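J.: Generate the whole structure from the sequences, applying the supplied hints.
So you can see what is in the structure, the chains are spelled out below.
4 protein chains.
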Amino acid sequence: MAGNIFGELFKVVSFGESHGPALGCVIDGCPAGLELAVEDISRELRRRRPAQGVASTSRREDDEPEILSGVFEGKTLGTPIAIMVRNTDCHSTDYDNLRNVYRPGHADFCWEAKYGIRDHRGGGRSSGRETLCRVAAGAVAKKLLANYSIRITAWTSALAGLEMPRPGSPEFDFDEIEQNPLRIPGRAAAEQALKAIEALRAEGDSAGGIVSCLAQGVPPGLGEPVFGKLDARLASAMLSLGAVKGIEFGAGFAAAGLKGSENNDTPVNKTNNAGGILGGISSGQDITFNVAFKPTPSIAKPQKAIGKADGKADGTANGEIIDLIISGRHDACIPPRAVPVVEAMTALVLADLVLLQRAARVL
Amino acid sequence: MAGNIFGELFKVVSFGESHGPALGCVIDGCPAGLELAVEDISRELRRRRPAQGVASTSRREDDEPEILSGVFEGKTLGTPIAIMVRNTDCHSTDYDNLRNVYRPGHADFCWEAKYGIRDHRGGGRSSGRETLCRVAAGAVAKKLLANYSIRITAWTSALAGLEMPRPGSPEFDFDEIEQNPLRIPGRAAAEQALKAIEALRAEGDSAGGIVSCLAQGVPPGLGEPVFGKLDARLASAMLSLGAVKGIEFGAGFAAAGLKGSENNDTPVNKTNNAGGILGGISSGQDITFNVAFKPTPSIAKPQKAIGKADGKADGTANGEIIDLIISGRHDACIPPRAVPVVEAMTALVLADLVLLQRAARVL
Amino acid sequence: MAGNIFGELFKVVSFGESHGPALGCVIDGCPAGLELAVEDISRELRRRRPAQGVASTSRREDDEPEILSGVFEGKTLGTPIAIMVRNTDCHSTDYDNLRNVYRPGHADFCWEAKYGIRDHRGGGRSSGRETLCRVAAGAVAKKLLANYSIRITAWTSALAGLEMPRPGSPEFDFDEIEQNPLRIPGRAAAEQALKAIEALRAEGDSAGGIVSCLAQGVPPGLGEPVFGKLDARLASAMLSLGAVKGIEFGAGFAAAGLKGSENNDTPVNKTNNAGGILGGISSGQDITFNVAFKPTPSIAKPQKAIGKADGKADGTANGEIIDLIISGRHDACIPPRAVPVVEAMTALVLADLVLLQRAARVL
Amino acid sequence: MAGNIFGELFKVVSFGESHGPALGCVIDGCPAGLELAVEDISRELRRRRPAQGVASTSRREDDEPEILSGVFEGKTLGTPIAIMVRNTDCHSTDYDNLRNVYRPGHADFCWEAKYGIRDHRGGGRSSGRETLCRVAAGAVAKKLLANYSIRITAWTSALAGLEMPRPGSPEFDFDEIEQNPLRIPGRAAAEQALKAIEALRAEGDSAGGIVSCLAQGVPPGLGEPVFGKLDARLASAMLSLGAVKGIEFGAGFAAAGLKGSENNDTPVNKTNNAGGILGGISSGQDITFNVAFKPTPSIAKPQKAIGKADGKADGTANGEIIDLIISGRHDACIPPRAVPVVEAMTALVLADLVLLQRAARVL
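Protein chains in written order, with my numbering: chain S, 1 to 363; chain V, 1 to 363; chain U, 1 to 363; chain P, 1 to 363.
Hints are supplied without guarantee of correctness; some may be wrong.
One copy or two, it doesn't matter: identical chains are merged, so the pair holds either way.
Capping the alpha-carbon separation at 25 Å, the derived lysine-lysine pairs in DSS-like fashion look like this [stated by the list, open to error]: (1) K259 with K270; (2) K75 with K143; (3) K301 with K195; (4) K75 with K195; (5) K143 with K301; (6) K259 with K143; (7) K301 with K270; (8) K301 with K259; (9) K304 with K259; (10) K270 with K304; (11) K195 with K259; (12) K75 with K304.
Calculated from the structure, these hints are not laboratory results.
Note that this is a predicted model, so its numbers are computed, not measured.
T.: Right under this line is the structure:
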């Protein structure tokens, strides 16, 4: 497959370029009879839109979704649900100087090496804008999961090198997450982080960070050993996001330094080092994982880059090193806007596994 | 799908339980005309077998593979390649006491919650023994990749809380990796780590660690955006391994704390923070990633565990807390034996993407 | 999967209901660098539109496609190609009387039995209108196949019980096919068939027929044994069309009555009883097959039908037999309009196999 | 995919060559908790073995299956079920003269054109012997379907140009099918057909025929519109069998000549022209279809064939026409032995759809 379809039973097809006519998704395999309104999707897309604040791009898209098929009298039909969002605020000429250069930290060279052709406007399909397809599809998945009382919450747990409050600490405030533009679970920490981001932006620089995700109410038994394990699918889902460089479940990398007697969750120690997953199957405990995002590669600071010789169709750089100034509109850090995307991808994984589990046993 | 098939064009089907008659794999989609001998597979399987040493299980299997189909006069036919390895050294009765208990840190409860039935002997299909299927298939993938001059090397980079020499440091010795049972790239470090493992085993405990992997010679252009990205597939492949709790590419989690100007690889700074992958596509630089393994959950120390009430078919534990002593034969740490498995899974991902890339462009 | 995705590498996703906002397709896996214009798609969609004549529905849709993604400066990007056609001429109220009745020969009852919900307007997704998604996608596949000099031609070879001229007979005129509304390869035969159809329509009845298809220039070697054989895929493609009840390749059902010595194609007898396929792989000879279409089930004649009791959500008919008069706009026979659809599905199968063949051998 | 995997949830992987070490299958996705014994599989394999009689090959294989994995204490585990049958009665040297010739009506040339390499011994993987993999897997599917009270019965309905008794006629005797070696539902007809086959064999010739299949007890709602329709899947399944040249459902090709008012099944006319499938979904009526088999291409009569020039790796025939005498052991007609294979493939399709249907609706 060419890589734009996700899932086994609850399948999502994503399409669209950043500066093309439209982006969207088709969901094939959503069960029939699910109540679904445009507002269910709009609500999640609004969460993904650039925040009013210093950390985000100034591109302003309404991102109003249209449901093209699959819903009849307020319920899903069991047929494909196609959702489309038009691009309206494209400033494609901002990118003219990128036609013949490969931006550092971006996919430009790789895409051209792969396909021999590239839409340089706004990153084309490698743009973060593609994630709206996932958020739209994830909104439908969330509706399905609500029937199972599964709840997914993500937040920014580290930003610009600063650690944010952790679950269990007195500063950690669940209700604060959606109250600040950086989606940090603590007001004081959010203010501190905002200052750090402002300082970086003023320098023409950008920040990375970590998004943590918690899935509650997941019944035991989800995950398809051995290659379709719950954690394998979540890892695949998260690493399919543009700027993600790592993922860890439960105790994660720290578990590598523990003894077995320390790391094993037992009925008496009340830990959840496994992050709710054993043998690739949900255990009934909370699912927890962290996702590392690199800093936004588009920075205002001048950088060296490799230029492309005209007419080289094979994507080979010609080795010419040029001075690059990136214009266009970019987020100073990705994690806050990635929070609903991480939730959406988690929802897609769980919705798929919930359906697959229906076939696990004879009745 | 039920999760035992991996890959899009170079597909691998894994089968077998730890104490069943046999394990093996079927490869569907290996190109025709590839030279392949049993010894190509045996060689890799020997690397996966328990080492002569303190760190490994005492189970002794010859693991001699038999090629059942797909090879004719020393070459692949283009038809499915079935490879089988018989189980011969099963001590199934060692596990009788596990029939009605869920071991801490193991998949026992989860599998039973999923399927309502479980093969308790040696972990059944959740056993690490299943990885021999992957190593056998990976041996075939490596043969294919050799045609493309792609080389994959993994090693133990952290063990029992100790950091091992890193590439670039004077202590790092590539040639040492396969010379010590812990697969550590440095003799002194290997000896130190062996002592730490011996100490843990003497305590009845176990250790975790990190395996690092390097793929060299990977051409630019491999990876299928947006859901089949190279890193997404590698992440899925690694998290499909039993004790893995995390993965990071290039600078990984550390990148989350860097500035964009620090993290971007440019033509002048000579870094490889991206780990050879941008936008989910190989860049032509070395592919690098780290995989975190938790400590072996089977430990000799007495533990508390949850018992299963007789006759409860739904896998629900009855809440009774019991004292558990685990017998059977187990590795004191997983990373050294996981090294060839990490390589095999990497080979499977790359073999698949090499074939998929053939369809990326009009000719 | 839920059944709306076709193909392995050249994947097509179809979406849309007959009276919903839009129908369309997403192609994932079209190679990059293929020249593609909207007119390439429009041209094929015009062939699928109702003809000016007695045999077709009076629904009038412009069916102007919009390419939403995947094409940049006249060439495919390698990214998903989304194509959308809006529904504009819906007379949904024509179907109000069908909300609580299951039409004979239609999918009404079956869809409701499956999903527990049904869009009764124009057949919803079971409408023949869905085939425009296939024709749009097939137009792209045809562009790809043109690079390989593969040509696909279908025609009406039987209609209303009348046999039309066969290839090789003096009456068979290839150039006539697209010159008459019934797509019959012979003017006299076309006029005769038109009269037969007119007579049936006057009676309030409908006709079935056979579409024959010829693929020329197909290189030997296409088809994936054993389950993805060329004929197996074509059969699946054709039986996925609404009114199709059978398919036969080469000598087809007649071969069942021949002796081996009569049926075998040899280098001296110059026959093509195999229809260009042996062992599920193309032989290099012309691919030939016939597809049987049942008569249009929507007829003006009064019929008995089963009514649905209000509030029965499970789709079970309540056994009440009612008198049904079908309004709405319908074709008096399907084969002529199905000709471009059969070609499109053939193109999708061949495009997929052409790409898959690239992975069949080591290079 | 390379074509050796069938199904979406109940997946079957087939492997093995006619004269290789073994053939077999792996089933991934069989629900856990199904009772399964070796005898369930042996029984079906015995039905596929050559009959004691003039119509069949003299190759004698015990075809005793071994279950390698997936079953524990008499029940399926939910893990892959691997089944293997060893080849024991290979007379590979019988085929030495076929190494450099392409037999008429066989896949020899096509396979070599595809892969550039071919196992000429007994047809390699294009042998009818591959169908034992399907029968073994189908036996498991039948066990699952028995839980749903679905019964599948196939028989020889035409042979050597002779029509056999049809359902509803007084000569049709369901209980006779498995009582005669030709699997004809009527004793007198069976005797007549046997004489015809004997006469053909005496001439050094072979016969074709038709297998009819009936599936009873199939609940309404099975089939995945639009590309995974029940009839599309059955067509794909049947055309994946070696000698099949056509399939028709219900009234089939005859429906193409009927009027809509004649063909529509209504609550008063009691017909089943649809063959139990409307819109690609089961209706609850009996599923009925016919499958056309060409005559066995291996005949004793001398034939002309194309020879292969030594060393031509690309499979291109060199145009040299040679005289061919086929030795080896072959069936004089395929349908009687194909009966259990048709049943098996039908069972695989239905088992898959039964599981997929579990995901069709919200609960």
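J.: Does each hint fit the structure? Answer for all of them.
T.: These are the hints, each one checked on the structure:
1. When the C-alpha separation of K259 and K270 is checked against a cutoff of 25 Å, the pair qualifies only within one copy, where the shortest distance is 17 Å, while the shortest distance between copies is 38 Å.
2. For the homomeric pair K75 and K143, the shortest alpha-carbon distance inside one copy (11 Å) is at most 25 Å, but the shortest distance between copies (36 Å) is not.
3. Taking the shortest alpha-carbon separations for K301 and K195, only the intra-copy value of 19 Å comes in at or below 25 Å, while the best inter-copy value is 50 Å.
4. Taking the shortest alpha-carbon separations for K75 and K195, neither the intra-copy value of 45 Å nor the inter-copy value of 45 Å comes in at or below 25 Å.
5. Neither within a single protomer nor between protomers do K143 and K301 lie at most 25 Å apart by alpha-carbon distance, with minima of 43 Å and 44 Å respectively.
6. In the homo-oligomer, the alpha carbons of K259 and K143 never lie at most 25 Å apart, since the shortest distance is 41 Å inside one protomer and 37 Å across protomers.
7. Taking the closest pair of Cα atoms, K301 and K270 come within 25 Å of each other only across two copies (18 Å); inside a single copy the shortest separation is 48 Å, beyond that limit.
8. Taking identical chains as interchangeable, the C-alpha atoms of K301 and K259 lie at most 25 Å apart only when they sit on different chains, with a minimum of 11 Å there against 45 Å within one chain.
9. For the homomeric pair K304 and K259, the shortest alpha-carbon distance between copies (16 Å) is at most 25 Å, but the shortest distance inside one copy (46 Å) is not.
10. Taking the shortest Cα distances, K270 and K304 sit within 25 Å of each other only across copies (12 Å), while inside one copy they are farther apart (52 Å).
11. Only between protomers do K195 and K259 lie at most 25 Å apart by alpha-carbon distance; the minimum there is 15 Å, versus 39 Å within a single protomer.
12. Taking identical chains as interchangeable, the C-alpha atoms of K75 and K304 are never at most 25 Å apart, the minima being 53 Å within one chain and 30 Å between chains.
Hints 4, 5, 6 and 12 from the earlier list are contradicted by this structure; the remaining hints agree with it.
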